[in-house]
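**Q** Construct all of the structure, not just a fragment, from the sequences and the given hints.
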Amino acid sequence: MSGRTAAGVAEKTLEFPDVTDFADPLLVVKDLHTSFRTGRGTVHAVDGVSLSVDRGTTLGVVGESGSGKTVLARSIMGLLPVRDVVRSGTVEFSGHEMTTMAPAQLRQVWGAQMSMIFQDPMTALNPVVRIGNQITDSLRLHLDMDRKEANATAVELLRSVGIPSPEDRIRWYPFQLSGGMRQRVMIAIALACAPRLVLADEPTTGLDVSVQAQILDLLQAMQRERHMAVILVTHDLGVVAKRADQIAVMYAGRIVEKAPTRTLFAHTRMPYTRALMNSIPRLADPSGTRLQAISGRPPDLIHPPPGCRFAPRCPYVQDKCRESDPPLRTAASSDHVFACWFPLVDGAPAPATAPSPNLETPPS
Amino acid sequence: MPTEHKAHSPTLGGTLAGTVPGQTPPIVVASPMSGGALPPDDILAKRPLGPLFWIALAWVAIVALCAILANLLPIPNPNFQNYTAINVGPNIHHLLGTDELGRDLLSRIIFGSRVSLVVGFAAVGIGLLIGGTLGLISGFKGGAFDIAFNAGSFVILAFPAIVAVIAIVAFWGQTLAKITIIIGVGTIPIMFRVVRASSLSFANRDFVMAARTLGASSNRIIFREILPNVVPAAVSFGLITVAGVIVLEGSLAFLGLSVALPTPSWGNLIAEGTSNGNLNTNPLILMWPAMAMFLLLLSINLIGDRLRQRFDIREGLL
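So the sequence lines, in the order shown, correspond to chains A and B. The first sequence lines up with residues 1 to 364 when you count with our numbering. The second sequence lines up with residues 1 to 318 when you count with our numbering.
Hints are computed from structural coordinates only; laboratory data are not their basis. Source: prediction; values computed, not measured.
Have a look at the derived ranges for each label pair, beta carbon to beta carbon: (1) A/Asp208 x B/Ile62: 48 to 58 Å; (2) A/Phe175 x B/Leu129: 28 to 38 Å; (3) A/Asp208 x B/Ile55: 38 to 48 Å; (4) B/Leu57 x A/Val86: 47 to 57 Å; (5) A/Glu156 x B/Arg220: 19 to 29 Å; (6) B/Ile62 x A/Val85: 53 to 63 Å; (7) B/Thr175 x A/Asp168: 49 to 59 Å; (8) A/Arg130 x B/Lys141: 25 to 35 Å; (9) B/Ala58 x A/Arg147: 35 to 45 Å.
All residues carry an ideal CB built from backbone N, CA and C; glycine is no exception.
**A** Written as structure tokens, this is what we have:
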């Protein structure tokens, strides 16, 4: 209750001028830490993540379950529970520092400038509210539209996400729609106020495989049309391979490799990234080919192992990996960073004792 | 949506229109659902509520209408004592007969229903309004607010309601408004608990988080996102509580603690039916109001129960 008065005092309208200079990044995250205090100890779900996203581009965030992808997305938005959560670091969005914003200011950013698409369209829509109203709510809140105007915009939005006869559908309830249609509605809701950044948290995980590509194509088409930046969180490298400009691979709360998509696939340095790639089943493989799983489990985030966190599962592990933690350092091109003592060279392990000298550049 | 898959699910003969047998049909990506929706009426069709529901609703409607229009109905004054017709059975002048003072029983029951209905619905209305609002906020906000109100509701519920109500009525007074308020306040903790539990179960749903990411304020989330989900449970439970409150008022009246005599209320009528040896001489005095109350409670419970089934939102359907 007291939070509201504090917010009321700090309330001022944030300015988001139309930027023509696309050079400076839309989102800059520096050294973001998020930890949860639990009965067993502190879980470091996000542990020192830095990244930046340029306007109109897509960043893919890839990692297996429990690697901190979702917590990262929610930390960027500031959508964390209040109790027993510690967040540090900075999140600068379009020139505004998000981590220190009052709730009332955050509400101006959420939906209008930055929005989120959720994993499960079955639960992310209110079951007892007509889908039309779920879209118009944010239009009327952020864009001050009247009911008629908002309804017309909602119809257009539904049409643009590929929902047939949207004039009738706006009066439907979520349970009347299929999973794919619901995710289209979710996208329409997220895009309603033309945000500059959309965080898509595994937007296709809850969907039928046959619909996944449609939804991702739709998201990409909307992104181009509206020049939005997208952070696409997924566990599937295959999903981001074609769609992301940059890919950040997360493991145990950290970014372990980050590069432009082409570079990442062509010059993989981190064994974990390679393992993720190998785990994608290939259509060309003969039937009966065993799937290449990554053996072992992600580390305990309460007591992470000393040294490299991937060491216990790494096929190329050396003594040094178990003893000290590899820092993030740049590879041949400056926009490619990775954290590994003995990085792969052309997909194969380098000679253990003598890493090639050009990899010894200090972290940037 | 069967049409989504139509394009790439060849029938057994492999004779999809425009497809050579044996060749994989093209996967349609663009506008996959064109023209393929079921009409909404088909989906909205639910299992019927059943004739019993409508009979119950009709009975409640009749009772309510009679209570509202009592002054316009061609019935004698409920307190008029006709000494030429004492303890007569049902006849054309007195459809349900008269009591030992020659008062028309039908008239007394109809006027008596006013008390039961007003106390029942108004008290639950008070409970829902105050308890429900607190429960909504408490379930959504959690924290110290929730702990305080939760503990408070337990303390109040721990005290036997009828004893508390008797004590307060005896002390404060026996008018209709006072009795309604006292019982209404008594239902606040029950309503609080039901609505809070329901609100709590919705507070952490994805759609609440989704609303937050769209910039919705707490008030907006509570009243636009959570409230519509809570209403069905609250209304059906409220109806069942109405039945309970009517019984409570009857018990008070039976003890002579409801609205003061000679104003008829169903509880007063039942009390009269058992006193002065009436049970021996004219059991109808007791039977009619007891039957009226029984049928009304049965109907209200039935309606509440059917509505609950109807609006029960199960995960499986989402």
